[in-house]
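Participant: Next come the chains, spelled out residue by residue.
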Amino acid sequence: EAGVAQSPRYKIIEKRQSVAFWCNPISGHATLYWYQQILGQGPKLLIQFQNNGVVDDSQLPKDRFSAERLKGVDSTLKIQPAKLEDSAVYLCASSLAVTEQYFGPGTRLTVT
Amino acid sequence: AQSVTQLGSHVSVSEGALVLLRCNYSSSVPPYLFWYVQYPNQGLQLLLKYTTGATLVKGINGFEAEFKKSETSFHLTKPSAHMSDAAEYFCAVRGVNTGTASKLTFGTGTRLQVTL
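Residue numbers (the working numbering), protein chains in the order written: chain A, 48 to 159; chain B, 71 to 186.
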């Protein structure tokens, strides 16, 4: 069974630029999550999708972050414009049952 | 609200020694509890989870954890450390009665170093 796929793995941009990350969940997993992991901290949930609907986006900075999950499969997370404090690893996870989430390898974003 | 506290951001043990990583949680509803491991430049991998039933849960790679409600703890242990156990370990909590929102709240992580 293929795992959660993410791309790119690494991205370096300047502040005020825009960036997009892509995630393809495990086949059949209805729930998809985006987490932000700042260096030295645990992952923090940004947004949770159930199929193509948003379940929880309470910690998503909506003035600059956006996410979509068209057709209830893969998802894109966008930052526009980026700030220095957005430097982090962005993790995508998916789940079939609510008790277990499977994580992708993450995208490491550096904003200079 | 839920929270997780992991005592000790860095733990160093000798190969073959006992591994003990501490996790205390706070939850207003019965919790589901998890331990994840993260190797460098990789995503998180589930080690073990407690949902209901037996309070001592066994996971992959010889790890186990015990849910102690009276102490609000879920410490991770392994009898004998191996060099390959060196990684970052995260404890996480999820409330059972949160409907469709299955948000995990993570601790800040403990980096395990294994020395010869």
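It is possible that part of the hints are untrue.
Keeping only pairs whose Cα atoms sit at most 27 Å apart, straight-line, the calculated DSS-like set for lysine-lysine is [as the list claims (entries may be wrong)]: (1) Lys119/B - Lys91/A; (2) Lys109/A - Lys58/A; (3) Lys62/A - Lys130/A; (4) Lys91/A - Lys139/B; (5) Lys58/A - Lys91/A; (6) Lys58/A - Lys130/A; (7) Lys109/A - Lys130/A; (8) Lys109/A - Lys138/B; (9) Lys125/A - Lys91/A; (10) Lys91/A - Lys118/A; (11) Lys118/A - Lys139/B; (12) Lys109/A - Lys125/A; (13) Lys128/B - Lys138/B; (14) Lys130/A - Lys91/A; (15) Lys118/A - Lys62/A; (16) Lys138/B - Lys173/B; (17) Lys119/B - Lys138/B; (18) Lys173/B - Lys125/A; (19) Lys109/A - Lys173/B; (20) Lys62/A - Lys91/A; (21) Lys130/A - Lys173/B; (22) Lys91/A - Lys128/B; (23) Lys139/B - Lys119/B; (24) Lys139/B - Lys173/B; (25) Lys91/A - Lys109/A; (26) Lys128/B - Lys139/B; (27) Lys119/B - Lys118/A.
Here are the computed distance ranges between Cβ atoms for each label pair [what the hints assert, rightly or not]: (28) Ala71/B - Glu147/A: 34 to 42 Å; (29) Glu147/A - Gly132/B: 13 to 21 Å; (30) Ser79/B - Pro108/A: 22 to 30 Å; (31) Ser105/A - Pro100/B: 17 to 25 Å; (32) Tyr57/A - Thr75/B: 44 to 52 Å; (33) Ser82/B - Gln127/A: 26 to 34 Å.
A few chain A residues facing chain B, derived, Cβ under 7 Å [to be verified]: (34) Pro55; (35) Tyr57; (36) Pro90; (37) Asn99; (38) Glu115; (39) Leu117; (40) Ala135.
Just so you know, the hints here were simulated from the structure itself, not pulled from any lab data.
On a predicted model such as this, the values are computed, not experimentally measured, just so you know.
For each residue, glycine too, the CB sits at the ideal point set by N, CA and C.
Participant: Hint by hint, say whether it matches the structure.
Facilitator: How the hints compare with the structure:
For the hint linking Lys119/B to Lys91/A, the alpha-carbon distance of about 19 Å falls within 27 Å, and the restraint holds. Only pairs whose Cα atoms come within 27 Å are accepted, and Lys109/A paired with Lys58/A is accepted, the gap being roughly 21 Å. Between the alpha carbons of Lys62/A and Lys130/A the distance comes to roughly 5 Å, so the proposed pair stays at or under 27 Å and holds. Simply put, Lys91/A and Lys139/B have alpha-carbon atoms about 25 Å apart, close enough for the 27 Å limit, and the pair holds.
Of the pairs offered as hints, the one joining Lys58/A and Lys91/A holds, with about 20 Å between alpha carbons and a cut-off of 27 Å not exceeded. Restraint check for Lys58/A and Lys130/A: the C-alpha separation of about 14 Å stays at or below 27 Å, so the hint holds. Of the pairs offered as hints, the one joining Lys109/A and Lys130/A holds, with about 14 Å between alpha carbons and a cut-off of 27 Å not exceeded. Restraint check for Lys109/A and Lys138/B: not satisfied, since their Cα atoms lie roughly 39 Å apart, outside the 27 Å limit.
In summary, the hint linking Lys125/A to Lys91/A is supported, as the alpha carbons are separated by about 16 Å, within the 27 Å threshold. Between Lys91/A and Lys118/A the CA atoms are separated by roughly 25 Å; this keeps the pair inside 27 Å, and the hint holds. Between the alpha carbons of Lys118/A and Lys139/B the distance comes to roughly 42 Å, so the proposed pair goes past 27 Å and is violated. Between the alpha carbons of Lys109/A and Lys125/A the distance comes to roughly 10 Å, so the proposed pair stays at or under 27 Å and holds.
Using a Cα cut-off of 27 Å, the hinted pair Lys128/B and Lys138/B holds, with the two alpha carbons roughly 15 Å apart. Annotation: proposed proximity of Lys130/A to Lys91/A holds, straight-line Cα distance about 17 Å (limit 27 Å). A hinted pair counts as satisfied when its Cα atoms are at most 27 Å apart, and Lys118/A with Lys62/A does not qualify at roughly 31 Å. At roughly 22 Å between alpha-carbon atoms, Lys138/B and Lys173/B fall within 27 Å of each other, so this suggested pair holds.
A C-alpha spacing of about 13 Å is found between Lys119/B and Lys138/B, which places the hinted pair at or below 27 Å, so the restraint holds. Proposed proximity of Lys173/B and Lys125/A is supported: the alpha carbons are some 21 Å apart, at most 27 Å. Pair hint Lys109/A plus Lys173/B holds up; C-alpha atoms about 18 Å apart against a cutoff of 27 Å. For the hint linking Lys62/A to Lys91/A, the alpha-carbon distance of about 22 Å falls within 27 Å, and the restraint holds.
About 25 Å separates the Cα atoms of Lys130/A and Lys173/B, which keeps this hinted pair within 27 Å; it holds. Proximity of Lys91/A to Lys128/B is assessed by CA-CA distance (about 26 Å); at most 27 Å being required, the pair is judged to hold. Restraint check for Lys139/B and Lys119/B: the C-alpha separation of about 15 Å stays at or below 27 Å, so the hint holds. Annotation: proposed proximity of Lys139/B to Lys173/B holds, straight-line Cα distance about 21 Å (limit 27 Å).
A hinted pair counts as satisfied when its Cα atoms are at most 27 Å apart, and Lys91/A with Lys109/A qualifies at roughly 15 Å. Between Lys128/B and Lys139/B the CA atoms are separated by roughly 17 Å; this keeps the pair inside 27 Å, and the hint holds. A threshold of 27 Å between alpha carbons decides the hint, and for Lys119/B with Lys118/A the separation of about 31 Å lies outside it, so the pair is violated. Taken as a hint, the range 34 to 42 Å is violated for the pair Ala71/B and Glu147/A, whose Cβ atoms sit roughly 23 Å apart.
Glu147/A and Gly132/B have their C-beta atoms about 20 Å apart, which keeps the hinted 13 to 21 Å range intact. Between Ser79/B and Pro108/A the C-beta distance comes to about 26 Å, which sits within the given range of 22 to 30 Å. Hint check: Ser105/A to Pro100/B, Cβ distance near 22 Å, so the stated range 17 to 25 Å holds. The hinted window of 44 to 52 Å between Tyr57/A and Thr75/B is violated, with their beta carbons roughly 31 Å apart.
Between Ser82/B and Gln127/A, the C-beta spacing of about 42 Å breaks the proposed range 26 to 34 Å. Taken as an interface hint, Pro55/A does not check out: its beta carbon lies about 13 Å from the nearest beta carbon of chain B, beyond 7 Å. The restraint placing Tyr57/A at the interface with chain B is violated, with a minimum CB-CB distance near 9 Å, outside the 7 Å limit. At its closest, the beta carbon of Pro90/A sits 5 Å from a beta carbon of chain B; the interface hint therefore holds under the 7 Å criterion.
Below 7 Å, beta-carbon pairs count as interface contacts, and Asn99/A has none with chain B, the closest being about 14 Å; its hint is therefore violated. Because the smallest distance between the Cβ of Glu115/A and any Cβ of chain B comes to about 19 Å, over 7 Å, the interface hint for this residue is violated. The interface hint given for Leu117/A is broken, as the beta carbon of that residue sits about 20 Å from the closest beta carbon of chain B, more than 7 Å. Given hint, Ala135/A at the interface with chain B, is violated; its Cβ is 13 Å from that chain's nearest Cβ, farther than 7 Å.
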